[in-house]
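A.B. asks: Residues per chain are reported as follows:
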Amino acid sequence: MNIQIKKTALIAKKLSVRMKKFIVGLALLCSPFLAFAQDAEGDAAKGETLFKNNCSSCHNVTAEKSVGPGLKGISERRDFPWLVSWIHNSQAMIASGDPAAVKLYNEYNQAQMTSFPNLSEDDIKGILAYIDQANAAPVAADGGSPAAGAAVAQSSGPSDLFVLVLIALLVVMLLVLGVLLVIVTLLSKAVSGDATGADGVPFMDRLKTTFSKAANNPAIRSATIWVFVLLVTKALIDGAYNVGVQQGYAPKQPIAFSHKLHAGEYQIDCNYCHTGVNRGKSAHIPSANICMNCHGAIKKESPEIQKIYAAIETNQPIEWVRVHNLPDLAYFNHSQHVNVGGLECQQCHGEIEKMEVVEQRSSLTMGWCIDCHRKTEVNTKGNAYYDKLVQLHNSESKEALKVADIGGLECSKCHY
Amino acid sequence: MKDTNKRYWKGLEELRNDENFVKNANSEFAQNAPDSSNYDSLVDGMGTHRRDFLKVLGFGMAAVSLAACETPVKKAIPYLNKPEGEYPTIANWYASTYAEGGDYASVLVKTREGRPIKIEPNTLSGISKGVSGRVHASLLSLYDVEKLKGPRKGEDTKVSWEQVDKEIMSQLAQVATSGTPIRLVSSSVVSPSTKAVISDFIAKYPTTQHIQYDANSASALLDANSTSFGKAAIPAYDFSKAKTIVGIDADFLGSWLAPEMFSMQYAETRRLSSAKDGKRDMSRHYQFETILSLTGSNADYRSAVKPSQIGLVATTLYNKVASKMGAQTISAPALTIPELDKAAADLIASKGESLVVCGVNDPAVQTIVNSLNSLLGSYGSTINLGASMNIRQGSDKAMNGFIDELKGNKLGAVLFLDANPVYNHPRGAEIAEALPKVSLSISFSDRADETGSLVKYICPSSHYLESWGDAEPISGFYSLTQPTISLIYNTRQAQASLLTWAGKNADYHEYVKAFWRSNIYTQGAGGNFENFWIKALHDGVFEPGKGTTTSGGSFTGDVAGAAASIAKTYKATSSAIELALYEKVGMGTGHLANNPWLQEMPEPVTKACWDNYASLSKQTAAELGVEQGDVVKVDLKGKSVDLPVIVQPGQAIGTVAVAIGYGREKAGKSADGVGKNVFPMASFANGYLSFLPGEVSVSKTGDFKEIAQTQTHDTVMGRESVLQETVLAAYKKDTMAGRFVPKIETSEGPKEATDISLWNGHKYPNHSWGMVIDLNTCTGCSACVVACQSENNVAVVGRQEVINRREMHWIRIDRYYSSESVDSTAGLEKASENPEVTFQPLMCQHCNNAPCETVCPVLATTHSSEGLNQMTYNRCVGTRYCANNCPYKVRRFNWFKYFDNENFDYHFNNDLGKMVINPEVTVRSRGVIEKCSMCVQRIQEGKLTARKERRRPQDGEIVTACAQTCPTNAITFGDMNDPESAISKILEVEREGRAFHMLEEINVRPQVSYLTKVRNKEAAAQNTEA
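Protein chains in written order, with full-length UniProt numbering: chain V, 1 to 416; chain S, 1 to 1026.
This is chain V alone, in the form it adopts within the complex (with noise of 0.2 Å):
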């Protein structure tokens, strides 16, 4: 039982790593003549990664306008050398006076394409044969991302849904109580005729009595009291532990900038933005500089991307309302989790490509990061730090290494 759950949580897992292994996966699948007929051009799911890393910020992969042209049919409206000298220095061809290049120049605002040198020919054509591939299948493509979205999934916590669930039923309960009470009312008057009881009490006072004589009963009245004080006393101690607790924090920030819209259905990279999450401590709140890559060219009339041009004009920086505050006594660092780790951002952010604006999911406390610490394998693969751990962790256990087995539970991990 445990192992089948453990092995749907790795598919779950498996299949929201990125969309885009599971777009091509589709892709894939559903036109497999397609794949191998571009096989012999070029390796579409090298190109896939290529295309991913550095040309989707400015081009899509449809026919439709980003930064650059959309690149549809590129391999049919340019010859194969053009590109790749084109892709290698843009600039010394518009320098040289191709008149393609200068057309294309001159279209897009004078703006100038990066020059990718590195890229050899034979990545230049596994890109090609990604984008083909890409609009061969593009209904596979937009069936694609919901599903992947969904596998994501994770709830932290009870949802709203639930808890409004929870509330029309008590409400219903209640109506319900209070029909009853009426009905009952109404019986008993109907059987006395006169409104009174059996014995000649009304029914109200005859239940108010009974409620009298219970109230006055020192064993239930003592249990009512211990069953209040508990139940205060627990409200205070989760309420006690959830002081500074954050979760669901999801403040009005300066510019109405939606993951959503960027990370969920243009799929940038997170990478792309968030510059120091590989690097370092902090995973960067983008400077306008990185806005300005797309933005010098895409909606530029629009009230919110005119708010980043008023900053840079005014030479004031956006001051962003911070979401995640991991209190000052704790060190963190992205790049141990991501570079090192290799967790996915969603991990501890939520559904980040989901969210309109940005909340924060996980609860941040010390048990949240033990608990992980406890539960999660250490990333050892390919990594030479941790050979003569995992060696001499499989000769003592037959368990994974777990973070915690190498001092991930220690104070001075996080603290000093």
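You may find that some hints are simply not true.
[Stated by the list, open to error] Only pairs whose alpha carbons sit at most 20 Å apart, straight line, appear in this in silico PhoX-like list of lysine-lysine:
hint : chain 1 : residue 1 : chain 2 : residue 2
1    : S       : Lys75     : V       : Lys281
2    : V       : Lys402    : S       : Lys763
3    : S       : Lys948    : V       : Lys381
4    : S       : Lys75     : V       : Lys307
5    : V       : Lys281    : S       : Lys943
6    : S       : Lys74     : V       : Lys252
7    : V       : Lys307    : S       : Lys82
8    : V       : Lys402    : S       : Lys948
[What the hints assert, rightly or not] Listed below are several chain S residues computed to face chain V (Cβ distance under 10 Å; list not exhaustive):
hint : residue
9    : Lys75
10   : Lys82
11   : Tyr87
12   : Ile803
13   : Thr862
14   : Glu866
15   : Gln870
16   : Arg875
17   : Thr922
18   : Val923
19   : Ser933
20   : Val936
21   : Glu941
22   : Lys943
23   : Leu944
24   : Leu999
Read the hints as simulated data drawn from the structure, not as lab findings.
Positions of the beta carbon are idealized from the N, C-alpha and C atoms, including for glycine.
Based on these hints, arrange chain S on the given structure of chain V.
C.D. replies: For chain S alone, kept in the frame of chain V given last:
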């Protein structure tokens, strides 16, 4: 050292077993602070009443519940346009150079988010391998709020640079055209570019003359070299080649010329190895001096001489050497010091590998020393006449000439560059009087200091961390200074000001670059200049002078004349009390006095901080009827200062010594009124500045001032196995010599202490961090103390709190005096006359069987799987049981919220000062214990870097702040699980040699090992049984 009859003591009070000492030693924490009324604020007060406590408690509860209602909104503010290469939370290092007030260090500046937070040594430099405490502390001066915020004209601080420039240029032009002299007064300029700027300035205003002077002058040495070898320069000394070193009043490990460089070289001659074919030979060091200096403390043989005898030390030594070598002797009164004969014999024995250095600013004495070195063949081996050290170029005569001109109202304009003569020149008062009469006076000082406050214009120069620059400390060794932060205030570096006034392009960056292109790049750099420039900026240094052969010269000085002069000036015996001025290792000449880190750094030998004082030997103090803390009036021909007495073992009898660098009046809150300024008491002998000004009268004033001294704090209660030492001859026979291996009696016979344990021990599968400290190469310079303070956000507590024994330093250097058999009263007297000194750096020993861990009721201190004893501040409730139970007394309790308390105004409680905080280390709050973490933040960062690169950390990549900064490499830190690491290799050979754990008998199994101290003394001096 249980088996010897040697006795170790930290201070005279311990030697005598004073009542107070015994009382304090027995109470763990100093209670009832004598001055507690200073701090009776409601929140921080130690003298709080119970009702106040309840009030605070009640208010606290209410405040907490209110605060809990709504979490404050925090902002995350990214860059608008992120600079390339700058990543928030990731540190960058820039190579730069510190060259100020006669100090030089090639450094790396660690910056975070564009602000410097730490100074580290530049390992590429061939000159300075470590960084002194003063250079570390220079960082804090960057964030000094008391600096000028912009140019100042008179009292007007609203004036703009344009206006100041306009006015100054028109006045300078006027002065120059009228032919009236202009004087640019500076301390020694080591920067070739600055010199070029000054010549540009002189070209524009030809009546200008550049005058250099040094607060602690080497003018006589320069002049003596000029007459001896025809070159007025200080040659490059190389202690590493010396087998016999004689120091005559030259504190070359502490304050003479280039102490970090000399320490590095000196330590190489003292390093030993117990390996089979390891180095078992070390230099022998003789020191003749008045005060017990840092250098004297490290000497194998040290003799105390009075200032009036010091010249005769040189002549007597010369005669002894000369007569044995068959050279002409000179006529001068002879001194009878037994060590002189030994020194002479050793010098001759190691001819060609000998070195005599002298710190007396008297050309006659220096000439004799030159001649002696020449006789011993030192030139061309231990002294390189081919290279000159540019860190002292000042001329006392030129400076005196300037003062005479100034007083004679002959000058049209005066400029002060990196100079504060009103404070640090003996004739400062005369300058102060004459200066206001000069029509144009300009200072480039960063604050309105003693000189600055008297000039017409202050054009504040930027801090070196905000500036461009270069330096050539030794000919052929160049280094660059580059800015590591944009200007904090509206300041402008002096060179840019001078260039502006000279009518040149004021971009000093371009100027330095152009200068390097035409003058330094041409010295065999090769390749493209831009590449060369980028590499030089990256490396910080360019050293074409490296590897050049050492050259000697032929001595042509007038020995007889010098001897005659010495015979006239010095006397073999004198009964009067004589004054000796000296420079402290930390404070130096006082130009960084407004620096709490420096003020709080205990002076290595006296262990006193936040003051200067009158040092007296025990006998002299007794004769004068004064005790430590009594305020005495030291009177030198009418000039007098009142100072508290410190009774200093090892000080020459019949002398009183006072440190320069104190008594600032206009430097800022941390410096003003701390100690007394004794520069005015220095005198001039034949035109040379003399720190040995002659006879003084010392009289008791009746006042008392306690000196903030850390020496007997945290005593180890007579457990004397903390120190283990031997002599070289014994060590050569047995590498275990001097080691104390404790045995415990059991029913099965005596066992080693480490074989019996109640503990289960810990497993360290991954790393096992440890440290080895070589007591033989540790000179006690205390650079590590300030480095640690800077790295770990250690609070400064101030004078009164040090007296209350609440200093916060995580690493301290214990200084032990030792002497043979002090059982009798006479022995006691003798013991303090000239004791041996041992320095022992002590920080948390990270015990495997940690006594602190077992007593913590809240598990705030626990053990890690990498051998570290962890301290979790947020768990600590402040019971202080751990500190109580620590056998090494290395745990520190936060009595106050130092970073947020008006009573601790040491740059730590204002926004600018807080910029120096290392963001990787928690700033501890009140009520928690803290201690050395072995720079766990660096360990974690190093491991993470390795993991990101999918490899194991390399040895030397992770290093603690103390080990990194040590000028002599006495501290080795590393992973003891890595067989290839330096520490493993040392321990491998020393485990059966010099390595010992402190207090091995209590079996706490520290991760820190020490290597025994070995003195190069005659074996007979000590019982060698181990």
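A.B. asks: Look at each hint and say if it fits the structure.
C.D. replies: Here's how the hints hold up against the structure:
Taking the CA atoms of S/Lys75 and V/Lys281, the gap is about 17 Å. The hint holds against a cut of 20 Å. For the proposed pair V/Lys402 and S/Lys763, the alpha carbon gap of about 17 Å is at most 20 Å, so the pair holds. In summary, the hint linking S/Lys948 to V/Lys381 is supported, as the alpha carbons are separated by about 12 Å, within the 20 Å threshold. Our distance criterion of 20 Å between C-alpha atoms is met by S/Lys75 and V/Lys307, whose separation comes to about 17 Å.
Using a Cα cut-off of 20 Å, the hinted pair V/Lys281 and S/Lys943 holds, with the two alpha carbons roughly 14 Å apart. Simply put, S/Lys74 and V/Lys252 have alpha-carbon atoms about 12 Å apart, close enough for the 20 Å limit, and the pair holds. Using a Cα cut-off of 20 Å, the hinted pair V/Lys307 and S/Lys82 holds, with the two alpha carbons roughly 18 Å apart. Restraint check for V/Lys402 and S/Lys948: satisfied, since their Cα atoms lie roughly 18 Å apart, inside the 20 Å limit.
With a cut of 10 Å, the hint placing S/Lys75 at the interface with chain V holds, because the nearest CB-to-CB distance is about 5 Å. For the restraint placing S/Lys82 at the interface with chain V, the shortest Cβ-Cβ distance is roughly 4 Å, inside the 10 Å limit, so the hint holds. Proximity of S/Tyr87 to chain V holds as hinted, the smallest CB-CB distance being about 6 Å (cut-off 10 Å). Restraint check, S/Ile803 versus chain V: the minimum CB separation of about 30 Å is more than 10 Å; hint violated.
A cut of 10 Å between beta carbons decides the hint on S/Thr862: the least distance to chain V is about 6 Å, and the hint holds. Interface hint status for S/Glu866: upheld, as the beta-carbon distance to the closest one in chain V is roughly 7 Å, under 10 Å. Contact between S/Gln870 and chain V, as hinted, is supported at the beta carbon level, the nearest pair being about 4 Å apart and thus within 10 Å. Against a cut-off of 10 Å between C-beta atoms, the interface hint on S/Arg875 holds, since the closest Cβ of chain V lies about 8 Å away.
Annotation: interface hint on S/Thr922 holds; nearest CB of chain V at approximately 6 Å, less than 10 Å. A cut of 10 Å between beta carbons decides the hint on S/Val923: the least distance to chain V is about 8 Å, and the hint holds. Taking 10 Å as the C-beta contact cut-off toward chain V, the hint placing S/Ser933 at the interface holds, the least distance being around 6 Å. Given hint, S/Val936 at the interface with chain V, holds; its Cβ is 5 Å from that chain's nearest Cβ, closer than 10 Å.
The restraint placing S/Glu941 at the interface with chain V holds, with a minimum CB-CB distance near 9 Å, inside the 10 Å limit. Interface restraint check: S/Lys943 against chain V, minimum CB-CB distance 8 Å, threshold 10 Å, status holds. Hint status for S/Leu944 relative to chain V: holds, with the closest Cβ pair at about 6 Å, below 10 Å. Hint status for S/Leu999 relative to chain V: violated, with the closest Cβ pair at about 24 Å, above 10 Å.
Against the hints set out earlier in the document, violations occur for numbers 12, 24.
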